[in-house]
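Each chain is listed here by its residues.
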Amino acid sequence: MRRALIGLVLVLAGAVALQAQCTVSKSSIDFGNVNVGANSPQILTVSVAAGFPGTVNFSFQAVPTVFSVSPQSLIGVAAGQSRDVTVSFTPNGAGAAQGEVLVNTSSQFNCPVSPTNAVILTGTGVAAGAPFTISPNPLNFGNVVAGATRTLPITVAIPSGQNPLDFSFQITGAGFSTSDPLAFSLTAGLSQTINITFTAGANGAFTGALQGTAGSTPVFVSLQANVVPAFTLSPTSLALGDVLLGCSASQGAQVIPNATLSFSLASDTSFFTVAPTAFVTGVTQAVQVRFTPSSVGSTKGTISVAATLNNNPVLGSSLSLTGRGFDVVPNTAAADFGSVPVGGASPPQTVTLATAPVTAATLLFSATSDNPAFTVTMNGGQAQITFRPSAVKAESGTITFTITRTDQGFTPCVVTRAVSVRGAGVSLGLALNPTSVDFGPVTLGTTSPNKNVSLNSTATLGFTGTVTSDNPAFLVTPASFSLSAGGAQAFTLNFRPPATGAASGTLTFSLTSTSVSAAAFQTSLTLQVTGTGQAPVTLTVTPTALDFGDVTVGLAASRTVTVTNTGQAPGAVTATPSTPTVTVSPSTFNLNGGASQQVVIGFLPATSGTLQARVDFAAGDTTVSLGLAGRGVIPTFSYTFVAGQSNTPVSPGGSIGLPTTPVGSSNAVDFQIRNSGTVAGTVGRIVTSGGTFTLLTPPTLPATLAPGETLTVRVSFQPATPGTATGSLTVDNQSFTLSGLGRVRAVTFTGAGSTPPRTQQTIGFQLPDRPTTTLTGTLTLEFVPNALGGDDQMIAFPNGLRRIDFTVPANTDLSTFTGGVNQIGFQTGTVAGTITFRLTLQAGGVDVTPAPAPAQIFTVARAGPVIVGTPTIASRTATTFQVVVVGFATSREVNTATFRFNASGTGSLQTPALTLNANAAYIDFYSSIAADPNPARATNANLFGSQFTMTVPFNVTGDLAAIRSVTITLSNGDGTSAAVDVSF
Amino acid sequence: MKRLCLILPLMAAAALAQQPAPGGAVSGPLLGYLWNPDARLLRPILGVPGSSLLGSPMDLGATVSLAEVSPSQDYALAVEAESGAVLLVDLSGGAGLKPVAGALAGPDRIVMSPGGGAAALYYRERRAVQLLSGLPQTPAASELVNLAALPGVLAALGVSDRGGLVLAAVSEGDAGSLFLLSAGAEPRQIGRVGRAAAVTFLEDSTDALVADEGRNEVVLIRDVAGAAETRLLAGERDGFSHPVAVGVAGGRMLAADAGSNTVALLDPTGGAPALLPCACNVTGLARLRGSAVFRLTAPGESPQYLVEAGDGPARVLFVPGDPGTEATPDGAPVRLPRARSR
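So the sequences go chain by chain: A and B.
Taking our numbering, the leading residue of the first sequence gets 1, the next gets one more, and so forth.
Taking our numbering, the leading residue of the second sequence gets 985, the next gets one more, and so forth.
Bound-form chain A, shown alone:
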C-alpha cells in the first residue's frame, strides 16, 4: 500500500515537470579501490529523448588525467537513441582521487544535459600485492627433547598500501600455546608478532594450527613439532656378577644425549657407585659403575640419571644394576686343641674354607700362623692345624688365610680370613683324690669303715703301679694295678687300731709308663693317712627297775630313766620293750662316750591284768635291761542324752537327735557320762565335730569319775542353713553321731500388695537367710469365693494351675520360678473372695517349711458391675439392633441394666431410657456350671469367673438415625458401673 501510494505521487509529479531532451545515466561515478596502475572502467550512457527534433553530438572531457573517457565524442546521436562511453580510473599512486567528466552537446537545437553535464568521479588508488602476510607458515619446531619447551615467533603484517585489517586467531593442537594476544588490528605497514610455545611431552610427532581470520579471509598456519627423548642410556641395565667381599667389580655404560644437557647421576645404594656423577655434554658420555658388596647375597640397585636443559628438568632415566656378593668362610671361627702333654702333638684339626653362597670362582689359598706352637699346612681350601706345646701353659694364636681371586675378567683381589686357635700344654695328669685320709676314732678290735681313694689320670699314656704302706695299722687294696690313659684306679683303705690313741702313716703309689711309642716315664705319688684308737661303748640304766602301780585300761602312765655310756666309743642305742603295752621314747638315740640320755617309759594297758616286762637297751655288743612292773585296771562308763523330760540311753556309735531348730536359733540337750564301774575312771577328752554342734560350758578335763559319779555336758545345735545337719560327739575313744534338722525360720512374701479384679499380679518371697544348699518347694494358691456360684478358674498361675514349683538357689534368698524370675504372675480373676498363697520348702527332700507354714492372703472385694471396653452395636437393621456389653461383677450379681438413648437432633426419642431387670438372667448365668457346646455361648461360670457378655436386642419404630448414642449402666447390690457410651 505504501509503495502504491508513492507511485501515485510520482505520477502526479511527472505530470507537471518538463521532460529532459539530453541525459546522462549517472551524475557521479565511484571507482572504489583500484590498484595503482590498474584500470577500472565503468559505463556512462548518454541518451537523446525521442521526439528531439534533431541529432546531437556529444563530447567528453575527463579531469584530472588519472581519469579518462573513451570515446571522447559521439556524433549524430539521433532522437530516441542512447550511446555508451567508457569512463576509466587509472591511479598512478596510492590515495584518493576525485575528478569529473564534462559532457557537452552540440546540435542545431539546444539540448542541455540533464541531470548534469559534469559527472563527478571518485576513486582510490591502492598499492598492488597481498593484503597481509603471515610467516613462517608452516611453523616447524623441529625436534624438541621431552620435557623441554621451545618458543618460535609468527609475524603478521600488512604491507604498505594495503587496507587495515582485523585479525582474530586461535591455537589448536596439544602442546602449542601462546601468551600473546590473538585478536588485534593492523594498518598498512605495521606487523604483530605471536610467539608460539611448544611444550614437549611424550615422545612423537605433534601437529597444531594457528587459525582464524584476517578481515573476512580465513587464515591457517600449520604448527609442527617432534618430541624426542632428551637422552638415552646404553645399556639400560648392568649385571656386575659375583664379587668377593672386600673386592669390587666395575662395568661401563653410555649416556647418549639428544641435546646439550646437564647430567647428574646418583646410586640408590652404597653397594653401587658411578663416576662421573655430573657432567654437561651434548655427545655420548661414558660412565663407570662399580659394585663393592659388603654382604653376601644378591643385590639390586639403580643409577638414576637426571638431566636439565637450559636449567629446565627433562625426563630422566635410570640404569638397573644387579650383582651378588659372596664370601670365603672358614667352617669354624676358632679351633680348641684342649690339653696336650708337653712334648706331644695334638691330632691335626682341619679347617675348610668355602664360598658362601657357593660361587664358581677361581681362588688361591695360603695360610700363616703367628704362634709356632700351632702349625698349618694348606691343601686347596683345606688347612691342617696341629698343636705342639713346648711348655705347660695356655697357648693361643691366629691362623691367617690369604685368598686371591684370579678369575679372568675380574680385577685381581686379595683378602684375608682368620681362625683363632688355642690349646694348653699340660703335664702327665696323675692325681690322687682325696690327697689325704683321716679315719677318725676307731674302736679297738674293729676295722674302720672303708675309705675310698681314686688315682685319676688325664694323661695320654698308660701306667702300671704298686702301693705300699709304712704303717701296718693302715691297709690298702689292691696293692698293684694298671692305669690306662685317661683312666682311674680306685683303692680301698682301712684302719685297724692296735691301741688307743692317735696313729698315722704314708701310702706310696709307684707308676711306670706302658707306652710303646714314647719313652717310659716313672713317677710316684704319696697319700697321708691318720686315725685314732678308742675304747668300746659300755651302757648303764638308772634305776634298773620300775613299778607303774595301777593304771586305767586305755590310759597311759609314764616314768623316766637315765641311760649312760661309760665307754669312749659312741654308741647307737636301741630300746626294745618286751610288750606292746610299754612304750619307750626315744626308742633309738646315740650316746657319745661318757654321755647320758633321759628316756620315758610308758605303760598303756589294753586290758586289765598284771604287767611283768622289761626294756632292753642295746649298743653294739652291749645290752642292759630295765625291769618293769604294774597292773591294768578297767573303769565302766554309761551314756545318756536328755532332751526336755526325755532321757535316752545311747551306746558308743549310736545317734543323738537334737530338736528341729529354725535357722539362726539354737536348741541343746544334756549328755551325761556316768562311771558305772567299780573303779574310778577318767574322762580325758570330749569334743564335737560339725560346725553347727557345739559344747556349752565344756568341763575341765581330764575329769576323774568315781564309781557312780556323773559328768554332764550340754550339746547345742544351731543350724546355719535349712536341712539336715550331722556331726559327732567324741568322749575319749568313744564316738556318737549328732543329728538335727534346720528349718527355715521365716518367709516374707513379695510382689502384689493388693489384688484388684481382672488384673495380673506377681508374687514371690524372700528368706531372712541364704541357705547353702538349694531349696525346693511349691507355691499354692487357694481361692474361696465370696459370691454367688463356685470357683473362678481364671485365678491361676501362668502354668494354668494353682500350684507352681520354685527353687531358692544355694546362697540366695529369693524364690526363683520358671524362666529365672523371682516372682511369678497370677490372675486375680473377677470373683469376690479370698486368695490365699501358701508354700512348702524342702532341703534335700526334707521338709524345712517354717512353722507355722507361711501364708499370704488377698481379698477380691465385692463391687458394682464393671463394663470392660466399649460396648458394641451389632446386627443392626432398619428396625432392630443389638447392644453387646462385656463386663464382670465380682459379686456375680447384676440386677439392672439401664440404657439411656441420646438423640442425634434429627428427631425426638419416644423412649429416652430403658431399664432392664437382669437379675434373674444373671442368677441363671452365674449358677450354671455346664458349658454350651459353642464356646461363643459358653456359660460355665467357673470358667469365666464373673465375666459376662450381655446381648440386648432392640426393636425400633421410626428412623434409627435419631439415636446418636446410648449410655449404659449396670447395677447390683454393691454399686453401679461407670456409665459407658456407645455411638451409633
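Since the hints were derived computationally from the structure, they do not count as laboratory data.
Errors might be hidden in some of the hints.
[Unchecked claim] The list that follows gives simulated cross-link-like pairs (lysine to any residue, SDA-like), each with its CA atoms no further than 25 Å apart:
hint	chain 1	residue 1	chain 2	residue 2
1	B	LYS1082	A	ARG876
2	A	LYS393	A	THR375
3	B	LYS1082	B	ARG1146
4	A	LYS451	A	ASP438
5	B	LYS1082	A	ALA874
We have chain A already, so just place chain B on it with the hints.
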C-alpha cells in the same frame, strides 16, 4: 446362654420409639481363638484381657489343615485337609461350615485384611494369589493374580480392606521388593526392601506397614497405590534386631521384634516408638478381640502372652497355660462339648 428378662415400659408418643426385643442373652465373653497349625486344633481363648484362659479344642466338623481367624474373631477361613476346599467357619454361633464359592482349593497361606472383609489365598505351586471379598456374609472370589513374573520367593502378603489391593513382598537373599497386586492388573513394583517378614495394610486404608527383618526396621508406606512414600517408624535405633510382625487395630500400629522380645507402639509421624518388653518369645502379632489386643507368642507356647494397647496404658498379659484339663469345682475334669457342625 441365659435369656434376659426385660422390662418393657410404656413410653409417650415420640418420633422414634425403641424397645428391647426378645432374644437378649448373657454368656461368657470370648477373647478370640487360637489356631495351632502343628496340632491342627482351634481353641477358644475365654475371658477378657487380664483374666482369661484357654478353652478346650473345638470340633470343627472337618479335618482342617490350615486356618486363619478373622481379626474380629467372628469367623475363620479354613482349608479342609483332604480336599483342600476353602471353608468359611462361622465362629459367631451361626451356621457352622460352608465352602467359599469360587475359591480355588489348596491354598498354602491365608492372609486377612485388617478389617476382615477381604482375604488373600496364596498358592505356592501356582505362584498365584486369589482375592476374596465380601467376607464373611457374601464371599466372592476373584480371578487368580499370577505372581510368576515376580522375582525371588514370596516373603509376606498384605491385603487391603477395600480396593482389592494386595501388597506382596518378595525376597532374593537379603534384598527384596514390594509389588502391588490387584485382580486383572500386572504386578507393579512400588519399592525396595531388605527381607520383609510381615506386611499389613492399615484399616480401611491404602497405607501399609512393612516389617523388614533384613534391615531391622519397620516402615510405613503412605498410599501404596499412588506416591508410595516411605517413613521409618522403628529400627535398630530403637533396639529392633529382628522385626517379625506388624499389626493394626483401632488406629493403633504395632510391631513385634523377636530379637529383643519387645512390642513397639508405633508413632505414625516417625517419632520414637513406645516399647513394651515381654518375658516371652515374641513371634508375631495375632489380632484378638478387645481394644488393640494381639497375641504375641507362637500357638504352641505355654503360657500365651498378649499385648493390650488400646484404651489405657498398654500392658503385656499372659493367658495361663494349658494344665491339660479344666477342673470343675469338685475336681473332675471336663471338656467342652463338640461344637455344632454341618
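Here's how the hints hold up against the structure:
With a C-alpha separation of about 24 Å, the suggested pairing of LYS1082(B) with ARG876(A) holds against the 25 Å cut-off. This hinted pair checks out: LYS393(A) and THR375(A) have alpha carbons roughly 17 Å apart, not beyond 25 Å. With a C-alpha separation of about 24 Å, the suggested pairing of LYS1082(B) with ARG1146(B) holds against the 25 Å cut-off. Taking the CA atoms of LYS451(A) and ASP438(A), the gap is near 9 Å; set against the 25 Å cutoff, the hint holds.
Distance hint between LYS1082(B) and ALA874(A) is fulfilled; the C-alpha atoms sit about 22 Å from each other, no more than 25 Å.
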